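Colleague: The residues making up each chain are set out below.
Number of protein chains: 2
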Amino acid sequence: MLDPVLNRINNHLDDAIERWSDFLRIPSISTDPAYADSMRQATEWLRGQLEPLGFQVDVRETEGHPVVIAHHPGPGGDATHVLYYGHYDVQPPDPLELWHNDPFDPTLVDGPHGKRMVARGAVDDKGQLMMWMEALRAWHAEHGGLPIRATILIEGEEEVGSRNLLPVLERYRDELAADVCVVSDTAMWDIDTPAVTYTLRGLLYTELTCRGPSHDLHSGFYGGAVTNPINALTRILGALHDEQGRVRIPGFYDDVIEPSQEELAQWQTLNMDEAGFLGSAGVSVSGGGEQDRTLLERLWSRPSCDINGILGGFTGPGAKTVIPREASAKISFRLVPDQDPDQLIAAFRDFIEEQAPAGCTTELEVHSAAPAIRIPTTSPYLQAALNAMGTVYEREPVLLGCGGSIPIAAWARDILGIDTLLMGFSLEDDGMHSPNEKFEVTCFHRGTLSHVALLDELRKRTDY
Amino acid sequence: MLDPVLNRINNHLDDAIERWSDFLRIPSISTDPAYADSMRQATEWLRGQLEPLGFQVDVRETEGHPVVIAHHPGPGGDATHVLYYGHYDVQPPDPLELWHNDPFDPTLVDGPHGKRMVARGAVDDKGQLMMWMEALRAWHAEHGGLPIRATILIEGEEEVGSRNLLPVLERYRDELAADVCVVSDTAMWDIDTPAVTYTLRGLLYTELTCRGPSHDLHSGFYGGAVTNPINALTRILGALHDEQGRVRIPGFYDDVIEPSQEELAQWQTLNMDEAGFLGSAGVSVSGGGEQDRTLLERLWSRPSCDINGILGGFTGPGAKTVIPREASAKISFRLVPDQDPDQLIAAFRDFIEEQAPAGCTTELEVHSAAPAIRIPTTSPYLQAALNAMGTVYEREPVLLGCGGSIPIAAWARDILGIDTLLMGFSLEDDGMHSPNEKFEVTCFHRGTLSHVALLDELRKRTDY
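Protein chains in written order, with this note's numbering: chain A, 2 to 465; chain B, 2 to 465.
The hints are simulated quantities; they were obtained by calculation from the structure and are not laboratory data. Bear in mind the structure is a predicted one, so any value in this text is a computation, not a measurement. Hints may contain errors.
[As the list claims (entries may be wrong)] Which chain A residues stay away from chain B? Per the calculated CB distances, all over 10 Å, these: (1) Asn8; (2) Asn11; (3) Arg48; (4) Pro76; (5) Asn229; (6) Asp307; (7) Ile346.
[As the list claims (entries may be wrong)] Output of the computed footprint for chain B on chain A, the stretches with three or more beta carbons under 8 Å from beta carbons of chain B: (8) 60–71; (9) 251–261; (10) 399–411.
Every residue gets a Cβ at the ideal spot worked out from N, C-alpha and C, and that includes glycine.
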């Protein structure tokens with residue numbers, strides 16, 4: 002059943018690009034109230050795409066921009082139930098003067114890999130979500146139905162922090178139930194190497210406040226006698242890492258799962274361009290984190306600790322000889338499987354108490370605490386995605402980690418109890434959020450083919 | 002020659018209080034431009050007090066409020082030449098509603114030590130400078146001249162940072178040359194124990210900036226790989242003290258002079274109320290500084306290191322997962338004899354370089370660097386002051402240290418090359434800068450007697 006659909010994609014690529022361009026012409030900028038009508042127009046455009054495929058489409062209101070929720074019953078029986086997630090909103094295009102074309106007049110431009118689409122949203126996320134929509138469309142056109150049961154959730158606030166996504170997932174929890182969530186909003190390893198992102202670090206975000214005297218003091222009259230809260234805070238924070246860059250909180254690494262030999266071997270074959278990665282940060286040495294681990298290990302499989310902000314005392318120009326009454330810092334930990342945020346909070350509290358000098362009190366506030374996400378490499382859905390991409394690409398698909406967090410992946414797990422397949426096709430140089438954002442047509446094309454192949458893989462799972 | 006002058010003071014105390022009250026009625030608030038006329042009025046009032054004593058008085062303009070400079074030739078010959086310093090400006094009286102009387106309507110109130118004068122400036126510094134003016138007046142009235150050569154410098158900007166004092170000292174350096182500077186702007190040990198403040202800590206004030214990536218980074222994508230400037234900064238600052246509260250910069254204590262056994266024994270006899278001192282800061286333990294030293298040692302004879310301000314990354318409410326490009330802190334050191342600020346700057350730079358992790362650069366800016374001040378206990382002027390107070394008080398006068406710096410003392414040394422006798426009569430509870438500022442009449446009275454006795458001591462120095 003696969004080949005006719007793949008052929009249809011190949012033979013009608015120009016039509017798909019035309020639809021993609023239509024979508025890109027809608028300036029659905031979520032952060033700017035002036036574009037509220039365009040946001041509404043985007044949801045109606047999506048309805049117009051999905052209803053002809055047999056989806057029942059609802060545009061549901063939230064406290065912000067509406068979400069599109071659509072259902073397709075599929076073939077019935079025990080067909081796999083997929084929840085597709087995407088977002089129809091885009092970043093503002095500023096600074097406009099750096100664009101070579103109107104950001105909402107999508108333009109095909111020649112590049113080293115053939116044609117590329119240049120427009121705001123070309124890749125993030127309109128281009129990426131169009132791939133699975135085009136896959137569903139082609140399958141429907143060829144076979145008059147879908148091989149899976151499908152639910153679609155497309156939000157309009159990803160670029161402004163997905164602030165209504167969690168309430169939507171909670172309110173429509175039953176309706177959004179599925180076997181697996183599929184998302185295209187991540188990157189390939191390189192233009193010829195497709196990838197599934199299978200592990201995401203968790204995040205524990207805290208704020209530590211040290212308090213000393215009841216009011217600001219003159220450092221001449223009290224310096225050397227009274228505990229200075231900034232001295233105390235930096236003493237605690239300065240003790241967080243040892244010489245090798247390891248976090249010194251007792252038990253911090255106890256539950257950390259080491260990557261398997263297979264995973265390490267695969268990462269090795271990726272031949273990461275470390276100099277290029279560091280160069281993107283404007284540095285030449287990887288001074289952060291554990292010095293005895295490779296960069297990819299540190300980013301994907303090792304926890305880290307960063308102080309994200311610190312404030313205390315006099316911070317204006319010049320000098321003021323003050324011992325302030327308090328000082329505080331925001332300290333976050335990136336977590337990996339199987340670290341338990343609650344255990345780490347307790348261990349961090351003990352560590353603070355141990356390190357804090359006499360004469361100051363400490364308070365630890367927890368802003369958020371989410372464990373890491375890891376899709377087991379033995380997951381049948383993960384295997385289905387790898388098989389699908391293996392059908393389309395000559396190179397073997399690879400499994401990538403990601404140092405950051407992706408809200409839908411965490412919330413799909415926490416609220417819906419399902420794994421998320423992060424099967425994305427963007428490239429590092431696509432310029433998401435930047436002027437002249439682009440998406441390579443070959444990525445769009447082969448990404449669409451991969452989503453078709455994924456449909457076929459999932460179909461076969463129930464055919465077995 | 003002394004007794005008739007002391008008797009005159011005792012017999013005409015009410016007249017002195019009347020003049021003191023006149024001075025206090027002038028609302029010479031330096032920080033508020035609305036009181037410019039009152040500032041001018043205060044200088045003319047001082048001229049009216051000094052000219053009848055044979056002083057040649059000049060009111061000299063500065064870029065801010067004028068200074069009063071006055072000269073009296075004294076008896077001629079090799080008479081001791083004293084530079085008296087004071088300030089005629091006062092703090093604003095706010096919050097007005099907390100005063101029990103109009104702050105510029107000086108009121109005598111009964112207290113546990115007899116009458117006290119309540120008014121803004123009662124002690125700081127109008128009451129204190131009136132003591133030496135009254136001493137000069139009484140001597141002149143009794144003997145028709147002064148036993149010393151006298152130069153007077155009274156500024157109007159002490160409460161706003163003495164910003165034009167240094168230019169005045171530099172411009173009139175030759176004219177202000179003297180043997181010793183006498184100031185009444187410090188405190189007694191207690192109401193019955195007079196004191197000279199003979200040692201002041203110096204101040205080295207620096208600002209350290211750590212820089213890492215070329216732009217702010219996402220801590221998910223770079224955390225654990227790239228050096229975080231806040232992590233680096235807190236690592237350096239956290240290493241500044243050891244477990245015992247000693248500064249860990251190599252060589253930091255090399256040139257520190259230990260107080261003599263006599264000094265330590267005298268401090269011991271002071272029976273410092275440590276709980277009261279700590280209570281004034283709102284703390285119950287002395288967690289700062291060297292734990293094996295007494296509080297007085299730490300404040301008067303030991304150097305200290307305080308971080309006065311720190312800033313980096315995201316400091317708003319909530320959470321932001323940023324690795325900032327830079328972070329900075331203001332770090333000051335209180336210095337004691339014979340620490341050399343320049344040597345310490347070099348040692349601190351080495352320490353920073355040693356502690357800074359790879360992947361970050363550091364920059365140290367020096368805002369100011371002034372060594373400690375110490376009047377040798379063998380100084381004949383210091384002895385004269387102690388003898389003078391010994392004449393008036395039953396208790397032995399004591400030598401105090403001061404953890405802070407006093408601009409006139411440093412600049413008199415640096416610009417004029419002379420020591421400053423800090424002979425003050427305020428009490429800890431006088432409420433300088435606060436509502437209901439007061440000065441005990443007994444302090445004013447015995448302070449005036451002490452200044453008469455000092456004149457006699459200095460007279461005898463040239464009579465020998």
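Colleague: Evaluate each hint against the coordinates.
Modeller: Hint check:
no.: 1; hint: Asn8; result: holds, 39 Å
no.: 2; hint: Asn11; result: holds, 35 Å
no.: 3; hint: Arg48; result: holds, 34 Å
no.: 4; hint: Pro76; result: holds, 39 Å
no.: 5; hint: Asn229; result: violated, 5 Å
no.: 6; hint: Asp307; result: violated, 5 Å
no.: 7; hint: Ile346; result: holds, 15 Å
no.: 8; hint: 60–71; result: violated (count 0)
no.: 9; hint: 251–261; result: violated (count 0)
no.: 10; hint: 399–411; result: holds (count 4)
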